[in-house]
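Q: Listed below are the residues making up each chain.
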Amino acid sequence: MTNGDNGNETGARSVYIKDVHKSFGSLHVLQGVSTTIHNGEKVAVIGPSGSGKSTLLRCMNLLEEPTGGEVWLDDRLLTRPDPYFYPEVLRASKTYASMMAQATAATADEQILQRIRVEKLLRRHEGRGFRTALAAVEQKNRLDINHARQRMGMVFQHFNLFNNMTVLQNLTLAPVQLKLKTKEQAEQRAMELLERIGLADKKDKYPSTLSGGQKQRIAIVRALAMNPEIMLFDEPTSALDPEMVGEVLDLIKQLANEGMTMVIVTHEMGFAREVADRVLFMDGGNIAEEGTPAELFSSPKNARTQEFLSKVL
Amino acid sequence: MKFFSQIVELFSTEKYMDIIWEGLQTTLIISVLAALLGLLLGTLVALVTISPQSGWMMVPKAICKAYVTIVRGTPMALQLFIMAYVVFAFRGFPEELTATLAFGINSGAYVAENIRGGILSVDIGQTEAGRALGLTRKITLSRIVIPQAIKNVIPSIGNELIALIKETSIVSMIGMFDLTMAAKIIGSGNNMASYIVPMTVVALFYLAIVYLLTFGIKLIERRLRAGDKR
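Taken in sequence, the protein lines are chains W and H. Last residue of the first sequence: 939 in the numbering used here, with the numbers rising by one and none dropped. Last residue of the second sequence: 427 in the numbering used here, with the numbers rising by one and none dropped.
What the hints contain is simulated information worked out from the structure, not anything from laboratory work. Beta carbons: idealized from backbone N, C-alpha and C, even for Gly. Careful, some of the hints might be misleading.
[What the hints assert, rightly or not] Lysine-lysine pairs mimicking DSS-like chemistry, simulated, CA-CA at most 25 Å apart:
| hint | chain 1 | residue 1 | chain 2 | residue 2 |
| --- | --- | --- | --- | --- |
| 1 | W | Lys807 | H | Lys335 |
| 2 | H | Lys363 | H | Lys381 |
| 3 | H | Lys335 | H | Lys258 |
| 4 | W | Lys828 | H | Lys348 |
| 5 | W | Lys809 | H | Lys335 |
| 6 | W | Lys766 | W | Lys644 |
| 7 | H | Lys415 | H | Lys363 |
| 8 | H | Lys335 | W | Lys805 |
| 9 | W | Lys829 | W | Lys879 |
| 10 | W | Lys829 | H | Lys348 |
| 11 | W | Lys829 | W | Lys809 |
| 12 | H | Lys348 | W | Lys831 |
| 13 | W | Lys809 | W | Lys828 |
| 14 | H | Lys381 | H | Lys262 |
| 15 | W | Lys720 | W | Lys766 |
[Said to hold, decoys possible] Calculated from the model, a selection of chain H residues having no Cβ within reach of chain W, i.e. all distances over 10 Å:
| hint | residue |
| --- | --- |
| 16 | Ser202 |
| 17 | Leu207 |
| 18 | Ile217 |
| 19 | Ser248 |
| 20 | Thr266 |
| 21 | Pro291 |
| 22 | Asp320 |
| 23 | Gln323 |
| 24 | Pro352 |
| 25 | Phe402 |
Whole structure, please, built from the sequences with the hints as guidance.
A: Below is the structure:
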């Protein structure tokens, strides 16, 4: 059910984000974002800085833990279950019980569930029945986050190659430590990947001696060494010198052409337009508009999208 | 030139050298054992302190925080007195052990803070990259973060060891026979009748120990940094 073969079927859902909220203290960065990434789909996320693009991406592999809502990979739950999504859980709560006791109408059940959801009435302690019901949902659906992350590659703005290791060690650490491959198998795969990006001769170098473009291409193949089902790119070219942007974008395009599922947070509008199947425009913690690149770039409907695009295009 | 002739006299008199040798032994034993205890304790406390906030970890974290606060907030001499005259005040408890525990526990608090600082100084992106690949917290810490933290921590750990060695001189305050006490004994003897000569000699001994230690630390540092420039 959750193996890679099944997951590669084009059109099946890969990552499903359901009403995700994220707050840092009083700062409400994501205000209820929902979207589905389908297998084989390339999704570009654009928007002004501070709009929550990177936070959304980081919520997908739980580098940021959402404060509300759920994230699914395939048919497994990555976050804790959100109790508001499960009527049977809400019905087990003390809040529901006390509201039910005062109710008289025949349709009370539905109304009360609705009120609890809309007004977010659940409190810290909702009793043992509630906890058991929630735990049952979790037990049934949840996937260990470390296993989920093995299936989701991530590329960072600042590369984040392991500074204490050579290029080859960077590529083999995770597959070997997680016992997915033997050291020999991992090294063989790493060399194939390094040859692909033309950096096989750098295998024994340390990251500090490489250029930004080289570092980022190695960071990409480090993620590929885990054979992920989906790749998450967090502004992969924003920290690069202009002359190195091209080599990194070319590699990402190659991956896209091979059918890799990917979500790319980017400021490179030309690239988003060329590679993406769908573009999400984020503003103020919400998806303000989404559509194909042609729709969104040529005839944006939302006023904020129009304003943003007029500034960056 | 009486000063120099007396220094020569001190080095060539077996009785004086015996006294210095005995004091040196005490100083070295306490320093080495306390340093080992401090490093062990400090590493442990640092790891507990940086562990994520979760239910059952609250208690050890609170204990470690209190330990660091109390040890760093009170004088070393007082801590030594409490160990010698309160905690281990019963007859027959070896005073070397008392001193080792007092200095080791003291040093541990400083080492813990140094290591904690070293781990926090490693870019958070390193941890995120490890975790994003599916590595556990433990593997990320032990294979990626700690090897980088050690490089940053060696100089300040070196400082701490140097301070520790010199600070052991206060064991004379609980009547122990260390290097500093040896100088005092020789100086107050009838034949020498001078403090300046044995004090100078003992100072040279401390200097030599600290110099050797500094040299050793430099070597380690250089080896660890070799990877940076390749």
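Q: Over 10 Å to the closest beta carbon of chain W is the bar; see if proline 291 of chain H clears it.
A: Nearest chain W Cβ is 42 Å from proline 291 of chain H, so the label holds.
Q: Holds or violated: are the alpha carbons of lysine 381 of chain H and lysine 262 of chain H at most 25 Å from each other?
A: Violated, because 39 Å separates the two Cα atoms, which is more than 25 Å.
Q: Grab the minimum beta-carbon distance between aspartate 320 of chain H and chain W and tell me whether it stays above 10 Å.
A: 8 Å, violated
Q: When you check the alpha-carbon spacing of lysine 766 of chain W and lysine 644 of chain W, does it fall within 25 Å?
A: At roughly 18 Å apart (the allowed maximum being 25 Å), lysine 644 of chain W and lysine 766 of chain W satisfy the hint.
Q: For the pair supplied as a hint, lysine 335 of chain H and lysine 258 of chain H, confirm whether the alpha-carbon distance does not exceed 25 Å.
A: Judged against 25 Å, a Cα distance of about 18 Å means the pair holds.
Q: Just to be careful, I want the Cα atoms of lysine 828 of chain W and lysine 348 of chain H compared with a cutoff of 25 Å; is the pair within it?
A: 24 Å, holds
Q: Does lysine 381 of chain H lie within 25 Å of lysine 363 of chain H when you go C-alpha to C-alpha?
A: Judged against 25 Å, a Cα distance of about 16 Å means the pair holds.
Q: With the threshold set at 25 Å, check whether the alpha-carbon distance from lysine 720 of chain W to lysine 766 of chain W stays at or below it.
A: 23 Å, holds
Q: Checking one constraint from the list: CA of lysine 829 of chain W to CA of lysine 809 of chain W, max 25 Å. Satisfied?
A: 15 Å, holds
Q: Checking one constraint from the list: CA of lysine 807 of chain W to CA of lysine 335 of chain H, max 25 Å. Satisfied?
A: With a Cα-Cα distance of about 20 Å, the restraint between lysine 807 of chain W and lysine 335 of chain H holds, given a limit of 25 Å.
Q: Regarding the pair lysine 348 of chain H and lysine 831 of chain W, is the alpha-carbon distance no greater than 25 Å?
A: 19 Å, holds
Q: Does the claim that phenylalanine 402 of chain H lies outside the interface with chain W hold up, using a Cβ gap greater than 10 Å?
A: 38 Å, holds
Of the hints listed earlier, those the structure fails to meet are numbers 14, 22 and 23, in rising order.
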